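> Sequence:
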Amino acid sequence: MKKILFGVGVIAIIILGIIKVSNIAQKPKGNSQKIRIVTTIFPLYDFAKNIGQDKVEVLLLLPPGVEPHSFEPKPSDIAKISEADIFIYTGKFMEPWAQDIIKGVSGKNVKIIDSSVGIKMIPVVFHNDDELKGSMDPHIWLDFDNAKTMVQTIVQAISEKDKNNANYYQQKADEYKNKLFALDVEYKTSLSKCKSTEIVYGGHYAFGYLSKRYNLKYLSAQGVSPDAQPTAQNLVQLVEQIKKDNIKYVFYEELTSSKIAETLANETKAKLLLLSAAHNLTKKDFENNVSFLSIMEKNLINLKIGLQYTD
Numbered sequence: 002m003k004k005i006l007f008g009v010g011v012i013a014i015i016i017l018g019i020i021k022v023s024n025i026a027q028k029p030k031g032n033s034q035k036i037r038i039v040t041t042i043f044p045l046y047d048f049a050k051n052i053g054q055d056k057v058e059v060l061l062l063l064p065p066g067v068e069p070h071s072f073e074p075k076p077s078d079i080a081k082i083s084e085a086d087i088f089i090y091t092g093k094f095m096e097p098w099a100q101d102i103i104k105g106v107s108g109k110n111v112k113i114i115d116s117s118v119g120i121k122m123i124p125v126v127f128h129n130d131d132e133l134k135g136s137m138d139p140h141i142w143l144d145f146d147n148a149k150t151m152v153q154t155i156v157q158a159i160s161e162k163d164k165n166n167a168n169y170y171q172q173k174a175d176e177y178k179n180k181l182f183a184l185d186v187e188y189k190t191s192l193s194k195c196k197s198t199e200i201v202y203g204g205h206y207a208f209g210y211l212s213k214r215y216n217l218k219y220l221s222a223q224g225v226s227p228d229a230q231p232t233a234q235n236l237v238q239l240v241e242q243i244k245k246d247n248i249k250y251v252f253y254e255e256l257t258s259s260k261i262a263e264t265l266a267n268e269t270k271a272k273l274l275l276l277s278a279a280h281n282l283t284k285k286d287f288e289n290n291v292s293f294l295s296i297m298e299k300n301l302i303n304l305k306i307g308l309q310y311t312d
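Here the sequence shown stands for residues 2 to 312, numbered as in this note's numbering.
Among these hints, one or two may not hold up.
[What the hints assert, rightly or not] What follows is a list of derived Cβ distance ranges for each label pair:
no., residue 1, residue 2, range
1, E241, Q100, 39 to 45 Å
2, P65, K196, 32 to 38 Å
3, Q157, T283, 27 to 33 Å
4, N267, E161, 51 to 57 Å
Hint data in this document are derived by calculation from the structure and do not stem from the laboratory. Given the structure is predicted, the values throughout are model-derived calculations rather than measurements. Using N, Cα and C, we set each Cβ at its ideal position, and we do this for glycine too.
Start from the sequences, fold in the hints, and give me the full structure.
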């Protein structure tokens, strides 16, 4: 009988061990010593990675290749946020769905960061009747001064979670802000030497901040949402504007159909150039560790071509 009881005890221990191993396997991968950060869109992901380096584990909620304006979080995404130390989003105008998630994780250990805090936002320019009036343009990271503010907001949040390494995080944030400053100077210098100051964009209204910062005229085929469809009148007006101002290039956006830009180009014999708002990356670019800064450097190359840079 003792032998039988002993056998049962061993079996029980083995079963408990299997359950523990199984539970461990189901937990999110990663170093538990690192600060776990979940971000909504790519610029925030890249900012957090550059600040935290190997002391943080950063997850991009938006799957590679997905257009962020149409993103709808799944229950598994909400679980990832609730398990994080820090959740960073752009603001209520970029991620309106975030408000419900924030309510759901309220009272948990996760620190919620609205990266638009402290930034003066500009109103949306409407092209479509189906867009809410009174909304603000959410593409704040496309003004590099705003991007620096966002970086500082993020470093403060990380430092509060890991006070022992606060100086390290601030140093990395300052280094990154210096890179943003240098890129801003490069944009100002280069764009001031272009013959044209007019951007025609065959996509949604994403570059309001950039065009305002560098005194550019900006026309887009769609409103702030890529789902909003331009009217025939919108397209006719843009075609007339392109012909009138002798525009040589029409810019198209990343991750969405370029049909509208192609239509404008075909009607006016203009050429096409990519201008990325850096919301997100393709899977290939994500795997190749393409950075926010490199995207913006490529944008400047194309802007110099499209706006006829002269040195």
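> Between the beta carbons of Q157 and T283, is the distance compatible with 27 to 33 Å?
holds, 32 Å
> Starting from the range 51 to 57 Å, see whether the pair N267 and E161 falls in it by beta-carbon distance.
holds, 53 Å
> Against the range 32 to 38 Å, how does the distance between the Cβ atoms of P65 and K196 compare: consistent or not?
holds, 37 Å
> Indicate whether the distance between the beta carbons of E241 and Q100 respects the range 39 to 45 Å.
Cβ of E241 to Cβ of Q100: about 41 Å, so the range 39 to 45 Å holds.
Violated hints: none; the structure is consistent with every hint.
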